[in-house]
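**Q** So the sequence lines, in the order shown, correspond to chains A and B.
Residues 21 to 372 (my numbering) make up the first sequence, in order.
Residues 21 to 372 (my numbering) make up the second sequence, in order.
If you are wondering where the hints come from, they were derived from the structure by calculation, not from laboratory data.
Please note that the accuracy of each hint is not assured.
[As the list claims (entries may be wrong)] Computed beta-carbon distance windows for the label pairs:
hint, chain 1, residue 1, chain 2, residue 2, range
1, B, A122, A, E56, 52 to 60 Å
2, B, A372, A, G324, 38 to 46 Å
3, A, E83, B, R57, 53 to 61 Å
4, B, N266, A, M278, 42 to 50 Å
5, A, T89, B, A372, 18 to 26 Å
Even for Gly, the Cβ is constructed at its ideal location relative to N, Cα and C.
Number of protein chains: 2
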Amino acid sequence: MTSSKVLIVGGGPAGLEAARSVAEIGGEAILIEKRERLGGTPDRESYAKLTHHWRDASEAMAELAAAVTSNANVEVKYQAEVKSIDGEAGNFMVQVEAGGVAETLEVGAVIVATGFQHFDPGRATQYYNYYSFPDVITLTDLEKMLKEHNVVRPSNGQAPQKVAFIQCVGSRDRQIGNEYCSKVCCGIASKQAIEIKQQLPDAKVFIFYIDMRMYGYWENEIYWPAQEKYKVNYVKGVVSEVLPKNGQLLMRGEDTTMSRPMEVTMDLIILSVGMEPSAGTRAIAQLLGIQQNKYGFIEAGGAGGLDPVATSRAGIFVAGAAAGPADLDDSISRAGLAAARAVAAVRKAVLA
Amino acid sequence: MTSSKVLIVGGGPAGLEAARSVAEIGGEAILIEKRERLGGTPDRESYAKLTHHWRDASEAMAELAAAVTSNANVEVKYQAEVKSIDGEAGNFMVQVEAGGVAETLEVGAVIVATGFQHFDPGRATQYYNYYSFPDVITLTDLEKMLKEHNVVRPSNGQAPQKVAFIQCVGSRDRQIGNEYCSKVCCGIASKQAIEIKQQLPDAKVFIFYIDMRMYGYWENEIYWPAQEKYKVNYVKGVVSEVLPKNGQLLMRGEDTTMSRPMEVTMDLIILSVGMEPSAGTRAIAQLLGIQQNKYGFIEAGGAGGLDPVATSRAGIFVAGAAAGPADLDDSISRAGLAAARAVAAVRKAVLA
Numbered sequence: 021m022t023s024s025k026v027l028i029v030g031g032g033p034a035g036l037e038a039a040r041s042v043a044e045i046g047g048e049a050i051l052i053e054k055r056e057r058l059g060g061t062p063d064r065e066s067y068a069k070l071t072h073h074w075r076d077a078s079e080a081m082a083e084l085a086a087a088v089t090s091n092a093n094v095e096v097k098y099q100a101e102v103k104s105i106d107g108e109a110g111n112f113m114v115q116v117e118a119g120g121v122a123e124t125l126e127v128g129a130v131i132v133a134t135g136f137q138h139f140d141p142g143r144a145t146q147y148y149n150y151y152s153f154p155d156v157i158t159l160t161d162l163e164k165m166l167k168e169h170n171v172v173r174p175s176n177g178q179a180p181q182k183v184a185f186i187q188c189v190g191s192r193d194r195q196i197g198n199e200y201c202s203k204v205c206c207g208i209a210s211k212q213a214i215e216i217k218q219q220l221p222d223a224k225v226f227i228f229y230i231d232m233r234m235y236g237y238w239e240n241e242i243y244w245p246a247q248e249k250y251k252v253n254y255v256k257g258v259v260s261e262v263l264p265k266n267g268q269l270l271m272r273g274e275d276t277t278m279s280r281p282m283e284v285t286m287d288l289i290i291l292s293v294g295m296e297p298s299a300g301t302r303a304i305a306q307l308l309g310i311q312q313n314k315y316g317f318i319e320a321g322g323a324g325g326l327d328p329v330a331t332s333r334a335g336i337f338v339a340g341a342a343a344g345p346a347d348l349d350d351s352i353s354r355a356g357l358a359a360a361r362a363v364a365a366v367r368k369a370v371l372a
Numbered sequence: 021m022t023s024s025k026v027l028i029v030g031g032g033p034a035g036l037e038a039a040r041s042v043a044e045i046g047g048e049a050i051l052i053e054k055r056e057r058l059g060g061t062p063d064r065e066s067y068a069k070l071t072h073h074w075r076d077a078s079e080a081m082a083e084l085a086a087a088v089t090s091n092a093n094v095e096v097k098y099q100a101e102v103k104s105i106d107g108e109a110g111n112f113m114v115q116v117e118a119g120g121v122a123e124t125l126e127v128g129a130v131i132v133a134t135g136f137q138h139f140d141p142g143r144a145t146q147y148y149n150y151y152s153f154p155d156v157i158t159l160t161d162l163e164k165m166l167k168e169h170n171v172v173r174p175s176n177g178q179a180p181q182k183v184a185f186i187q188c189v190g191s192r193d194r195q196i197g198n199e200y201c202s203k204v205c206c207g208i209a210s211k212q213a214i215e216i217k218q219q220l221p222d223a224k225v226f227i228f229y230i231d232m233r234m235y236g237y238w239e240n241e242i243y244w245p246a247q248e249k250y251k252v253n254y255v256k257g258v259v260s261e262v263l264p265k266n267g268q269l270l271m272r273g274e275d276t277t278m279s280r281p282m283e284v285t286m287d288l289i290i291l292s293v294g295m296e297p298s299a300g301t302r303a304i305a306q307l308l309g310i311q312q313n314k315y316g317f318i319e320a321g322g323a324g325g326l327d328p329v330a331t332s333r334a335g336i337f338v339a340g341a342a343a344g345p346a347d348l349d350d351s352i353s354r355a356g357l358a359a360a361r362a363v364a365a366v367r368k369a370v371l372a
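Here chain A stands alone, though its shape is the one from the complex (with noise of 0.2 Å):
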């Protein structure tokens, strides 16, 4: 017995729009999220603004999550998990648990949308000394001062003068295994030094980077307004330890544009952790029957690789941060793809 529904596993952005798109072009999605709350990593992690348009960030998840949430077609079903999966494409039965509670859905496709967690800058990181230094934090301890209009150093609750945002940590490094880019933590990093720059006009703010990689608006919009208008200093540089003086940190490295050893001292330093694969969705993976690329990040493409949602299981696809680093627009076109091909593949099931 076929089954015309979608369930979308992940209530964070992608899982936002694939359920809103699912039902917007005629399907039944079922949305299960495991905490009491939409709106994903965003929400979770108290994000203070989102590109475009530097929108409030708890306002634009509320935006997306009523497109869902007011759409009688899609059920959304909270502090719920997937435990374990039977069938094919056309008819799958999911055991879930919701609330405690057990239950058996019918459906037809699934989508997986269960996003990513942010490095942890102390697991092979050790030399950066977050969890040593107070005043050593990373993009998501600031996104929370940003939201509060408090940017300050831990230490002592002062203002910093002088900020460091140190790229690549935990991203493009072979030796912690994590030789990919995150892809969105030039843009982060330059769209948060443009914050730090509004809130504290007299802060100086530098910019430590291998490759600075942006493109549309993250280039047009954050990053040459970034260097142009609040005058942020991008140096192309490795930074190799952050050790105490005197009060505030001293950055050792290379500045590889002159060629010559670094020693700088800085109040607050930023570590850009970049995007792994978050526990759910590795978990998701194994119990789906999906493969992972060997970074654990689900394997996404397809046989002939031009179809960038597909899983290696049919009726089960990926959209966002769960297949790899993403920005929000990448996430949103993919969860869109997704909801195209899941409802393609009940249609396809049902008139078979």
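Starting from the known structure of chain A, fit chain B onto it as the hints suggest.
**A** Same frame as chain A, but now just chain B:
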């Protein structure tokens, strides 16, 4: 009187995916293409291989086209162009001319997938002497050579021993008005460098770049093997001019990592030309009355910035490189979202 049909303008990867998705989710698609063939730029420009999986470009485009031509819910019109449009979402009257015959189409929504054109390196970057020196070619010229397994110096028909790619020709260049990044050229140059090494194992290949911008597939499957397996030489540097010297080409500029002037001779120089809006994209934006950004690409994102395929006019959507530089994954993903949005728009109009 509302129409449930969706008009797709352009038969490249984005248009093909949009038409396929519209049809597969239950809509009716009309695809118009100005040439007599489908496949867009990869077909017209005789691309050799496409990522992912180094697929033969002709074969990959044929696969995308077959998904459209084999679907009874897509009507394809060749040698066809939009002449005018009237009406609103759910009820557009579109005048088209197909094969010299004028007709009026009633459609509920429109997806613009009119693509890009390669930057003309003679127009504003004369110092590379594209139109003077036969051995200065572009990425697209090289694709044709690679397809024919005939990578030679056009001046004498001999295999080059030293080959250089110059990145960001027509991109990230404020002087010519294109300060945006074309996003794909770093990956394409790296892919082509590998192909040159496969066809001419003894050639030395250099890539002169500002920042190497790659991620995902491009980084993991192209950039790392290019460096490590194929020994492509990446040089962070700026090339300021190309001159003739004893039958070779003299490149002058600055090696910015070494902070020193650079003067090297090459046998073949490839200009990594960027992406600009195609003439068709500029024309249709005017004709449909949809906003363009300052570079002429179609402005996308919607009022709230959360809809990567929305244009400034309700019921008209954009996918692929008509909205800005995009790789194949981007184009296909956004086409899927555009299909979902278009079908949602016509459903809403029909149900209203």
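**Q** Please list, smallest to largest, the hint numbers that this structure does not respect.
**A** When the structure is compared with the hints, numbers 3, 4 turn out to be violated.
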